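**Q** Working from the sequences, and respecting the hints, build out all of it.
2 protein chains.
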Amino acid sequence: MIEQLRIIAVFSSLSEESLHELSNCMEYVQYPKGTTIIRADKVEPYFYVLQSGIARAYSDGENQQITFWFGQSGDVLFSFNSYINNRPGYENIELLANSALIRIKLTDLFLLYQQNLEIANWGRKIAEQELIATERRLIDRAFKGAAERYRDFTAQSPELIKKVALKHIASYLGVTQVTLSRIRAAH
Amino acid sequence: MIEQLRIIAVFSSLSEESLHELSNCMEYVQYPKGTTIIRADKVEPYFYVLQSGIARAYSDGENQQITFWFGQSGDVLFSFNSYINNRPGYENIELLANSALIRIKLTDLFLLYQQNLEIANWGRKIAEQELIATERRLIDRAFKGAAERYRDFTAQSPELIKKVALKHIASYLGVTQVTLSRIRAAH
DNA sequence: TTCATTTTTTAACATTTGTAAAATGTTGCG
DNA sequence: CGCAACATTTTACAAATGTTAAAAAATGAA
Chain G
10 MIEQLRIIAV
20 FSSLSEESLH
30 ELSNCMEYVQ
40 YPKGTTIIRA
50 DKVEPYFYVL
60 QSGIARAYSD
70 GENQQITFWF
80 GQSGDVLFSF
90 NSYINNRPGY
100 ENIELLANSA
110 LIRIKLTDLF
120 LLYQQNLEIA
130 NWGRKIAEQE
140 LIATERRLID
150 RAFKGAAERY
160 RDFTAQSPEL
170 IKKVALKHIA
180 SYLGVTQVTL
190 SRIRAAH
Chain E
10 MIEQLRIIAV
20 FSSLSEESLH
30 ELSNCMEYVQ
40 YPKGTTIIRA
50 DKVEPYFYVL
60 QSGIARAYSD
70 GENQQITFWF
80 GQSGDVLFSF
90 NSYINNRPGY
100 ENIELLANSA
110 LIRIKLTDLF
120 LLYQQNLEIA
130 NWGRKIAEQE
140 LIATERRLID
150 RAFKGAAERY
160 RDFTAQSPEL
170 IKKVALKHIA
180 SYLGVTQVTL
190 SRIRAAH
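Same order as they appear, the protein sequences are chains G and E. If you count by this note's numbering, then the first sequence holds residues 10 to 196, one letter each, in order. If you count by this note's numbering, then the second sequence holds residues 10 to 196, one letter each, in order.
Derived from the structure by calculation, the hints contain no laboratory data. One or more hints might be untrue.
For identical chains, the list gives no copy identity; a pair is met inside one copy or between any two copies.
20 Å max Cα-Cα, derived SDA-like pairs, lysine to any residue [said to hold, decoys possible]:
#  : residue 1 : residue 2
1  : K134      : T163
2  : K171      : R191
3  : K42       : A109
4  : K172      : N33
5  : K176      : V19
6  : K176      : F152
7  : K176      : Q165
8  : K134      : V85
9  : K134      : L115
10 : K153      : W78
11 : K134      : A156
12 : K134      : Y122
13 : K51       : I148
14 : K42       : Q124
15 : K42       : R158
16 : K134      : N90
17 : K134      : N94
18 : K153      : G183
19 : K134      : V52
20 : K172      : N94
21 : K153      : F77
Source: prediction; values computed, not measured.
**A** Structure below.
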């Protein structure tokens with residue numbers, strides 16, 4: 010079982026001992042397509058790793074719903090504001106396919122952070138990787154047009170293009186669905 | 010001297026011992042207005058805390074320069090990609106006023122992360138706070154128009170409005186300077 | 001398959017924002 | 001002061017994107 014965990018990239022840096030400590034706090038869960046596992050108005054008590062499936066994070070606006078993240082196998086999945094500030098987050102997270110996840114209760118994880126130096130640094134690196142990815146998207150928004158962002162997205166996430174509704178991809182790219190259609194039409 | 014550090018919010022959570030360990034790696038530096046302390050094409054070996062002054066982070070595009078962060082007293086200041094991946098970053102950081110900074114060499118800091126549980130968790134929280142702030146900006150970009158972002162900016166950073174050139178604020182808000190002028194004209 | 005539902009595309013038009021250039025305002029230095 | 005350099009606003013026009021509505025295509029359930 011520890012061996013199974015090790016093949017998941019996010020756990021690969023941990024020693025046998027730390028991985029064992031962490032695995033004591035893990036549960037394996039499965040949910041069907043369409044399940045909303047994290048809700049924006051609640052404090053989410055778990056941290057998830059997606060073993061298989063697809064997820065999207067979105068926020069509800071007045072008359073639109075904006076997707077700002079997609080997750081695939083191996084991605085970590087958590088409500089930033091629950092995890093960091095113990096407050097309701099900004100995001101809903103919905104599964105776009107039947108999915109298998111590992112979950113860790115935040116209260117357990119936070120205890121480990123105070124006890125285990127390796128796990129504390131593991132948690133630091135997770136936040137750092139999310140930070141780099143989020144900064145990257147902010148910069149891309151500033152420097153690239155919607156058409157280029159669409160090309161990048163198709164190149165980097167070819168599976169998502171096949172499986173995710175274009176309306177979600179449009180809002181992820183920061184344009185309306187009509188504009189995305191026009192971009193696609195201009196092949 | 011340790012007491013002086015404690016009044017800086019980012020250090021306030023550390024114990025006497027950890028703060029002492031950290032302070033052994035600190036240097037105090039001062040630079041005049043206009044100094045570029047971090048360059049996008051270099052690996053930046055220091056982590057900074059701004060004691061006084063103003064800073065902005067920007068990236069160079071083909072024909073424009075886009076500001077995506079402003080720093081004030083108490084803010085931490087580092088090249089995300091140098092700090093996280095030991096690679097040249099995306100950002101230049103320039104001082105917009107004469108500034109006093111504390112700097113910590115990354116190699117020293119990383120050693121502390123591997124030795125001191127409290128400092129490792131301190132580093133985790135820094136990354137988490139930057140992450141929350143960056144996510145907040147990405148979501149704001151999606152849900153708020155430029156006029157509302159400008160109002161928010163003036164409300165939250167009244168000192169910056171006074172001291173920073175509007176062209177920098179325009180690119181920070183994600184619009185051209187002409188559009189920002191139009192927003193301002195519509196009082 | 002067929003029908004109903006949902007998604008995607010297309011079209012016409014409105015609005016916003018961008019671009020370029022000129023006009024005006026501001027700052028600091030000799 | 002008076003000039004030079006730079007910042008900001010304004011104008012006119014162009015380009016991109018949004019809005020609304022309808023048509024076409026795809027999907028899923030009976």
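**Q** None of the hints should be skipped; say for each whether it holds.
**A** For each hint, the structure was consulted:
{"no.": "1", "hint": "K134 with T163", "result": "neither (27 Å within a copy, 34 Å between copies)"}
{"no.": "2", "hint": "K171 with R191", "result": "within (18 Å within a copy, 41 Å between copies)"}
{"no.": "3", "hint": "K42 with A109", "result": "within (11 Å within a copy, 53 Å between copies)"}
{"no.": "4", "hint": "K172 with N33", "result": "neither (34 Å within a copy, 53 Å between copies)"}
{"no.": "5", "hint": "K176 with V19", "result": "neither (30 Å within a copy, 41 Å between copies)"}
{"no.": "6", "hint": "K176 with F152", "result": "between (23 Å within a copy, 16 Å between copies)"}
{"no.": "7", "hint": "K176 with Q165", "result": "within (18 Å within a copy, 33 Å between copies)"}
{"no.": "8", "hint": "K134 with V85", "result": "both (12 Å within a copy, 18 Å between copies)"}
{"no.": "9", "hint": "K134 with L115", "result": "both (17 Å within a copy, 15 Å between copies)"}
{"no.": "10", "hint": "K153 with W78", "result": "both (18 Å within a copy, 18 Å between copies)"}
{"no.": "11", "hint": "K134 with A156", "result": "neither (32 Å within a copy, 36 Å between copies)"}
{"no.": "12", "hint": "K134 with Y122", "result": "both (12 Å within a copy, 11 Å between copies)"}
{"no.": "13", "hint": "K51 with I148", "result": "between (30 Å within a copy, 18 Å between copies)"}
{"no.": "14", "hint": "K42 with Q124", "result": "neither (37 Å within a copy, 44 Å between copies)"}
{"no.": "15", "hint": "K42 with R158", "result": "neither (27 Å within a copy, 36 Å between copies)"}
{"no.": "16", "hint": "K134 with N90", "result": "both (17 Å within a copy, 12 Å between copies)"}
{"no.": "17", "hint": "K134 with N94", "result": "both (18 Å within a copy, 10 Å between copies)"}
{"no.": "18", "hint": "K153 with G183", "result": "both (11 Å within a copy, 12 Å between copies)"}
{"no.": "19", "hint": "K134 with V52", "result": "between (23 Å within a copy, 19 Å between copies)"}
{"no.": "20", "hint": "K172 with N94", "result": "neither (33 Å within a copy, 31 Å between copies)"}
{"no.": "21", "hint": "K153 with F77", "result": "both (16 Å within a copy, 14 Å between copies)"}
Hint compliance for this structure: hints 1, 4, 5, 11, 14, 15 and 20 are not met, and every other hint is.
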